[in-house]
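Student: These protein sequences, in sequence, are chains G, W, A and P. The first sequence finishes on residue 261 if you use the numbering used here, and the numbering steps up by one all the way, no holes. The second sequence finishes on residue 261 if you use the numbering used here, and the numbering steps up by one all the way, no holes. The third sequence finishes on residue 261 if you use the numbering used here, and the numbering steps up by one all the way, no holes. The fourth sequence finishes on residue 261 if you use the numbering used here, and the numbering steps up by one all the way, no holes.
Read the hints as simulated data drawn from the structure, not as lab findings. Watch out, some of these pointers could steer you wrong.
Identical copies look the same in the list; a pair holds intra-copy or inter-copy alike.
Under the rule of at most 25 Å between Cα atoms (straight-line distance), these lysine to aspartate or glutamate pairs were calculated in the DMTMM-like manner [said to hold, decoys possible]:
| # | residue 1 | residue 2 |
| --- | --- | --- |
| 1 | Lys257 | Glu202 |
| 2 | Lys100 | Glu56 |
| 3 | Lys257 | Asp194 |
| 4 | Lys257 | Glu197 |
4 protein chains.
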Amino acid sequence: MTLRGWTLPQTATGRSAIVAPPPWHYSGEIIAVDFTASPEAAAALLPSGMVPVPEGTASVVFADWCSASDHDPRVLADPAVGQYREAYVVLHVIRGDKKVGRVPFIWVDSELSLLRGQIQGFPKKLGQIAMTRPVDIGRGGVRRQTGSTFSAHATSHGRRVLTASVTLDGSSDRLPRAATLPLVHTRLFPAIDRPEPAVHELQLGAIANFECGTVHTGSATLALGATEYEEIEALGPVSVGRGYVFSMAFSVTGGKVEPA
Amino acid sequence: MTLRGWTLPQTATGRSAIVAPPPWHYSGEIIAVDFTASPEAAAALLPSGMVPVPEGTASVVFADWCSASDHDPRVLADPAVGQYREAYVVLHVIRGDKKVGRVPFIWVDSELSLLRGQIQGFPKKLGQIAMTRPVDIGRGGVRRQTGSTFSAHATSHGRRVLTASVTLDGSSDRLPRAATLPLVHTRLFPAIDRPEPAVHELQLGAIANFECGTVHTGSATLALGATEYEEIEALGPVSVGRGYVFSMAFSVTGGKVEPA
Amino acid sequence: MTLRGWTLPQTATGRSAIVAPPPWHYSGEIIAVDFTASPEAAAALLPSGMVPVPEGTASVVFADWCSASDHDPRVLADPAVGQYREAYVVLHVIRGDKKVGRVPFIWVDSELSLLRGQIQGFPKKLGQIAMTRPVDIGRGGVRRQTGSTFSAHATSHGRRVLTASVTLDGSSDRLPRAATLPLVHTRLFPAIDRPEPAVHELQLGAIANFECGTVHTGSATLALGATEYEEIEALGPVSVGRGYVFSMAFSVTGGKVEPA
Amino acid sequence: MTLRGWTLPQTATGRSAIVAPPPWHYSGEIIAVDFTASPEAAAALLPSGMVPVPEGTASVVFADWCSASDHDPRVLADPAVGQYREAYVVLHVIRGDKKVGRVPFIWVDSELSLLRGQIQGFPKKLGQIAMTRPVDIGRGGVRRQTGSTFSAHATSHGRRVLTASVTLDGSSDRLPRAATLPLVHTRLFPAIDRPEPAVHELQLGAIANFECGTVHTGSATLALGATEYEEIEALGPVSVGRGYVFSMAFSVTGGKVEPA
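Please construct the entire structure, taking both the sequences and the accompanying hints into account.
Tutor: Encoded structure:
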């Protein structure tokens with residue numbers, strides 16, 4: 002019979018597929034840290050046609066997401082499916098005459114997000130992500146206020162790859178670069194019967210409904226760690242910049258592709 | 002040498018111990034559902050000296066906690082250690098001439114909380130807990146507002162033991178019972194060289210700094226599930242009551258013990 | 002620069018990619034149970050061109066794998082990467098004039114295997130898999146001998162989807178169908194800029210070096226469970242057949258594709 | 002009513018308790034590495050009455066266990082409950098006029114083993130443990146034969162604490178020290194209403210039915226890692242000794258206690 006499903010597994014109903022097609026909606030809590038990366042190490046992570054910005058800036062972003070899917074109400078309804086955490090590096094990059102963002106490494110603690118990400122060209126791996134979430138009452142947590150320290154870390158393959166903190170000292174009218182640079186991804190799906198990939202193309206997400214809450218800023222710390230399976234530690238950091246704590250939301254309505 | 006540590010592992014510094022002594026502080030987001038339990042099943046979970054309230058009421062509570070420890074700053078600082086989720090049943094109980102709460106089953110996704118709980122007499126097991134967390138912007142999640150549905154579930158031993166939802170329709174001036182009944186626990190630690198336990202006593206936590214945010218209320222659903230390792234499904238529910246979504250905070254400064 | 006990597010993430014060295022191309026090698030311990038499936042439910046899981054065998058037979062297979070990759074020595078060297086467990090259903094199917102196997106549902110506890118499987122067309126999801134492993138000494142486990150019971154179960158989305166056991170009563174000269182039917186998969190990778198998939202084709206793995214140890218057989222039990230995210234429980238089982246416990250090994254050297 | 006259960010949770014039937022009393026039976030696959038520890042660091046982990054052996058030897062042990070419990074058949078029957086992995090350090094110690102073993106740090110991936118261990122005085126924490134398991138057929142894994150490398154590692158709090166390997170070059174008639182030194186533990190359970198512990202005593206397990214398979218030996222590597230929550234890295238290693246791969250089985254029938 003005709004099987005349905007945007008991804009595997011396909012069935013007669015389509016309701017077993019892991020991922021439904023966009024639109025997808027995201028509302029998240031962000032902890033981000035700017036840093037300067039080794040220019041050589043950054044360049045070694047970029048496809049042809051992209052070069053690091055001269056100032057060598059980059060960002061690490063931790064996100065605690067709630068997500069929804071127009072074609073699958075279970076994503077919003079089931080917190081075990083729609084909610085997840087991820088951590089990634091964004092290199093600030095020149096492509097043609099534009100500044101864009103490029104994500105060479107990203108870890109996520111969700112199957113849905115792993116595969117939804119791979120479809121968009123996010124190079125997602127599974128990892129364990131921890132992030133301070135603020136509290137409004139009591140002494141068990143930290144508030145979104147001056148002097149509070151927000152911590153975040155990510156582990157991949159049993160080794161710490163990212164450890165960051167932001168100690169709030171004010172707020173900002175400007176959005177951090179990590180939130181505003183359009184991301185250019187590489188969609189890559191291998192063939193099984195020949196060496197050339199079945200899919201290899203650049204992808205620029207179609208973003209809508211962007212919203213951002215108050216951007217709390219502060220001094221930051223950042224450490225990058227090594228594993229046998231990633232090449233993040235070569236990026237440095239050469240120096241650590243400002244940190245940011247804020248809420249962010251947007252929708253992905255699809256994407257545009259170009260030859261890789 | 003003299004080793005230090007309130008719990009194992011003990012070392013010369015004491016900083017490897019899993020749990021530091023109270024005071025402990027908690028700030029959490031709660032999803033709770035009242036229900037009526039089978040009176041026989043509830044009675045079969047109570048120690049002598051406690052009987053179910055005549056109306057047979059009970060509650061299921063899901064909590065997403067941030068926690069802190071006066072003697073271990075790492076708990077507040079490291080979100081992977083201080084933050085965790087748990088789910089439990091509270092039977093509403095008569096003990097002597099007082100209404101108290103009794104927790105026959107509780108699951109938690111944190112090592113620290115598992116052992117900190119066992120020390121207090123919470124019968125904690127490891128489980129996987131999911132809870133809707135509200136968002137303030139965007140379409141990726143649900144708001145704390147009328148019409149929103151908050152979902153929560155808990156899995157133990159690969160089987161769903163609790164599945165609940167609350168669809169908000171208002172707020173309340175009164176705190177839910179699940180938040181106000183003082184809990185009476187049984188501290189139990191076996192001996193290894195004789196059949197009688199080494200520790201077997203009732204424990205009433207010393208609670209301070211209690212705070213509660215707005216109590217959002219709504220209609221609720223609740224299903225209890227069976228595993229080979231728990232006896233929760235016999236409780237019913239006979240009927241499902243109201244649901245609650247609120248923030249709660251308190252401190253545990255120690256406890257009082259009585260013979261079991 | 003030119004980035005390398007058979008899958009994402011691509012880097013200058015290629016060593017961050019999750020999956021390296023075949024050949025891949027597998028050595029595993031298998032617990033399998035034959036059953037008869039509801040013919041309608043089985044048909045609803047098959048693509049056009051495949052129909053259930055008239056006798057309606059199917060198998061559930063649990064596998065505890067060690068795996069290796071000719072182009073990535075880390076897979077063999079690191080037990081956290083190369084070793085994993087999976088569980089799947091194989092429908093026995095007629096395609097043209099041949100009996101083949103079709104896997105409508107499969108769960109695995111490994112990122113590498115999840116993505117390596119999706120590339121081959123295995124509809125892999127993450128799950129938690131438990132399997133009795135035999136012991137040779139002591140009283141802590143069961144032996145591979147008459148009277149021993151081997152148990153296995155799989156959990157997806159916090160719910161038990163497969164629960165099986167085999168109580169050994171002999172051995173067999175014949176390999177179980179689940180080990181010998183060639184599998185026909187569907188490779189499916191969505192496009193992001195149009196509704197039609199970017200890749201949608203049938204895939205038949207190129208298998209080499211097949212080996213099988215002694216096939217221990219026995220009476221079996223099997224239960225299929227429901228989740229909100231799978232459609233396995235409709236398969237029944239209508240009746241449960243024999244069970245099998247054995248070692249199996251093979252290599253995947255690539256694959257052949259056909260239009261879907 | 003009278004509640005039953007050797008540990009929490011107690012119920013009328015007793016079948017919800019996490020741990021049933023001994024006898025407990027263990028059959029396991031072991032990867033062990035001898036090393037020389039910093040004498041000062043080792044001494045800082047020992048209670049009064051114990052000193053490191055003059056030669057400063059110690060061992061790291063990884064174990065993949067199957068376990069059973071005479072009073073709870075579910076432990077043997079359910080691989081998700083009875084099977085688990087752990088990793089620990091054994092310091093070789095003089096106590097009075099005897100050589101004994103002392104375990105300052107141990108990580109385990111099982112709730113049952115965590116609590117069963119705490120009752121015996123093993124200072125168990127949760128961790129992620131990976132170990133090469135040998136295969137008998139195929140090319141997906143390694144054999145128990147000369148030239149094969151067995152790898153093992155343990156992660157605690159998202160950081161690698163133990164990384165070891167053994168490359169087999171022969172076998173031995175003698176059991177490794179890690180398998181033969183009687184272990185002296187500290188049972189420690191805090192009071193909640195006073196600073197002094199409720200239970201604080203030394204414990205020597207009553208061991209029966211000890212069995213050991215062929216002891217494969219080889220050259221070894223070992224690295225100890227740091228976390229914010231353990232103090233293992235100070236042990237060194239000063240030098241790394243031989244490695245061992247073998248099967249081991251025994252029963253715990255109870256224990257003897259002495260004042261701490």
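Student: Take the hints in turn and mark each one as holding or not.
Tutor: Going through the hints against the structure:
Taking the closest pair of Cα atoms, Lys257 and Glu202 come within 25 Å of each other both inside a single copy (10 Å) and across two copies (23 Å). Taking CA atoms no more than 25 Å apart as the test, Lys100 paired with Glu56 passes inside one copy only; the shortest distance there is 12 Å, against 62 Å between copies. Taking identical chains as interchangeable, the C-alpha atoms of Lys257 and Asp194 lie at most 25 Å apart only when they sit on different chains, with a minimum of 6 Å there against 27 Å within one chain. In this assembly of identical chains, the alpha carbons of Lys257 and Glu197 lie at most 25 Å apart whether taken from the same copy (22 Å) or from different copies (14 Å).
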